[in-house]
Amino acid sequence: MNEPLLQVKNLSTSFKVDSGEVRAVNGISFNLDKGRVLGIVGESGSGKSVTAYSIMRILVEPGRITGGQILFNGEDIVQYSKKQMREFRGKRVSIIFQDPMTSLNPVYTIGNQLREAIMLHTDRNRAQADERALEMLKLVGVNSPEQRLKQYPFELSGGMRQRIMIAMALCCEPDILIADEPTTALDVTIQAQILELMQELQKKLGMAIIMITHDLGVIADMCDEIIVMYAGRICERGTADEIFYNPRHEYTKGLLRSIPRLDTNHARLIPISGSPVDLTNMPKGCAFASRCDNCMKICLNELPEELDINDCHKASCWMNVKQVYEEAKGGIA
Amino acid sequence: MGEKYLLEVKNLKQYFPVRTGWFGTKPLKAVDDMSFAIKPGETLGLVGESGCGKTTVGRTILHLYRPTAGEIIYDGNRITPQNVHQFRQKMQIVFQDPYSSLNPRMTVSDIVGEPLDIHQLYQSKAERTERITELLNLVGLNSDHARRYAHEFSGGQRQRIGIARALAVNPRFIVCDEPVSALDVSIQAQVINTFEDLQKKLGIAYLFIAHDLLVVQHISQRIAVMYLGRIVETGEADEIISHPAHPYTQSLISAIPIPDPNTARARKRIPLEGDVPSPLNTPSGCAFRTRCRYATERCAQERPPLAEIAPDHSIACWNPHD
Ligand SMILES: Nc1ncnc2c1ncn2[C@@H]1O[C@H](COP(=O)(O)OP(=O)(O)OP(=O)(O)O)[C@@H](O)[C@H]1O
Ligand SMILES: Nc1ncnc2c1ncn2[C@@H]1O[C@H](COP(=O)(O)OP(=O)(O)OP(=O)(O)O)[C@@H](O)[C@H]1O
Ligand code: SF4
Ligand SMILES: [Mg+2]
Ligand SMILES: [Mg+2]
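Protein sequence lines, in the order shown, are assigned to chains A and B. So for the first sequence, our numbering puts the first residue at 4; every next one is plus one. So for the second sequence, our numbering puts the first residue at 433; every next one is plus one.
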């Protein structure tokens, strides 16, 4: 068996703030193989972006990786030096930020910034870099690309800025692309075009993708495997079919119930009731317990273990243990 | 005229000067001759290609940009740069970008409390605090969050802070520019329900700009579809989604990502081919013709007017297809 391209093992990341330690990521593990698309969904604030920043080692103060390993081709990048990390970012892994303005500098033109990025991570000269920049803008479907290179970020629409970032992340043909809500500002036709572009690079170059998104339509369309996060942990993982048609964690079920459907009766939407946990004060049992309709005594006291539902599906919910137990009992009787 | 409108936009134009070469500038026609109206308590969904001018429309209505031409009429009064301050409490905006629109050095309670201070909407300090907590609860945050700084929040949490701030002054009209795009579907459902409840209770009208057509169709009574600075189709929401008549709307609707793997695998998109035109250089005639499957000679010569094809359903196209 080949070693996975990326292995995240028991990763924990937290922020020490005045009110305590915000445990944004609490011991998550997953693997990513070459050429695969891994989707990450989950509650807003559940640690998806922090996971991505941890892999890139670009956490802002006071963020710290407090435990675990991140193995890239078997090497632990948590131990990398600053110099090794610079090499690693951009060339090996690039990220499309959730917030376009994090990676775009307001005082430089778009052309300037793309050229810099390309020259930093590839051995193209200035003229070749400019050519590549123009080519990338065309690929992401930005209108009047020549003109746009001369403009500043504030002169572009939200979706154009997002596409500039996508161009920047893809221009160096990384081994892994981390896309954090890459298409939220795009209309659905351009979104489709961008997702196709990513899939093309994935097939052509064997690029692996970590797709973080709230858009379950994009997830259904793109991902080989899906991770569902809640309160800094993975609560369920599996193939798209398993997650959509056979959800086995109460949070996932609630999430799927709240999707607006394309129908005309305008029925009221069904959110998950209750409020998210306080990450500075995590409960000792299942983090979802206080909002779960099926909460049992054990859920309040013990962290549910990850259980295999089948070969391509795992979930961390005591309901599954109960079910296995009841089935076994039924079998005996 | 039968019903009274809360907001009327008439022949609105917004041109930005863009540098071309060393000398001179060229107008970029971000919004070109748009007219629409919204009734009290109504939601108009505004959709369209990225960069077609939706944010610009929203900002221009509130005079965050001075209109190049056209009229904006609120409750029968024309808004001008001189009198716009009188309308500030009545009209609010939730900005598209939850990151740059919030000051990272302010605490959440300052951000949400600021409009309360400006418009002096409380009697005592205790009332201010109470109101802030109430607003945070409305968007699924709690009073623990109030003391923290904006930069400590995730994307979706910041978006909700922006919504709480817009709601603070009890506005009657809100431009919602992608207000739920950074939220997971459960919190999105909660926020949308809040928007709808406030609408029922207080009669707030919304201009709801979003790319997620499932959301737009859910929340809107009417929809306007934009392409390159103009409205190409408008009408009752369910009708537009189930019987789109403009070729652009048709391909937009065919590309909606369906949150169901089997349907996603089975469906066919109508891809948009051809050159993406620029607002710096709008094609003659119908601006969509460079990418249209049905384009004819006439489309290059004459601009199709927005015309009714059924009661309360208009499109701008010479060759409507079903
Ligand atoms: N600089 C910071 N200081 C303190 N807490 C932080 C900081 N950055 C993030 N957090 C906290 O870490 C948690 C995880 O944040 P993260 O940005 O990873 O969420 P997310 O899953 O990406 O959410 P969203 O879907 O809304 O983008 C959040 O609860 C957030 O409040
Ligand atoms: N301040 C500005 N200066 C120059 N041009 C601008 C400015 N703001 C917007 N534009 C241009 O106006 C056009 C419309 O932009 P706008 O932000 O309104 O689009 P949008 O429909 O909101 O797009 P998106 O869905 O991507 O947010 C774009 O071509 C953009 O480049
Ligand atoms: S007017 Fe012509 S080009 Fe424009 S949408 Fe209709 S058929 Fe297509
Ligand atoms: Mg995030
Ligand atoms: Mg916009």
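Think of the hints as simulated: they come from the structure by calculation, not from any bench. Ideal Cβ positions, reconstructed from N, Cα and C, are used throughout, including at glycine. One should not assume that every hint holds.
[Unchecked claim] With a straight-line cut-off of 25 Å between C-alpha atoms, the simulated DSS-like cross-links for lysine-lysine are:
1) K700(B) - K207(A)
2) K12(A) - K85(A)
3) K458(B) - K445(B)
4) K300(A) - K19(A)
5) K206(A) - K256(A)
6) K256(A) - K207(A)
7) K436(B) - K206(A)
8) K153(A) - K436(B)
9) K700(B) - K633(B)
10) K458(B) - K141(A)
11) K436(B) - K700(B)
12) K332(A) - K12(A)
[Unchecked claim] Derived DEER-like restraints, expressed as beta-carbon distance ranges:
13) V20(A) - G456(B): 24 to 32 Å
14) T125(A) - T561(B): 20 to 28 Å
15) R579(B) - E309(A): 30 to 38 Å
16) S276(A) - R451(B): 15 to 23 Å
17) H517(B) - N249(A): 53 to 61 Å
18) T561(B) - R67(A): 31 to 39 Å
19) N574(B) - N34(A): 30 to 38 Å
20) L265(A) - E729(B): 32 to 40 Å
21) M299(A) - Q521(B): 47 to 55 Å
22) D281(A) - A501(B): 30 to 38 Å
[Claimed, not checked] Covered stretches of chain B (in silico footprint by chain A; criterion: 3 or more residues with CB under 8 Å from a CB of chain A, positions within the stretch not fixed):
23) 497 to 507
24) 541 to 551
25) 609 to 623
26) 637 to 649
27) 709 to 722
28) 743 to 750
### Task
Against the structure, test the hints numbered earlier, and report the numbers of the ones violated in rising order.
Hints 4, 5, 6, 7, 8, 9, 11, 12, 13, 14, 16, 22, 23, 24 and 28 not satisfied by this model.
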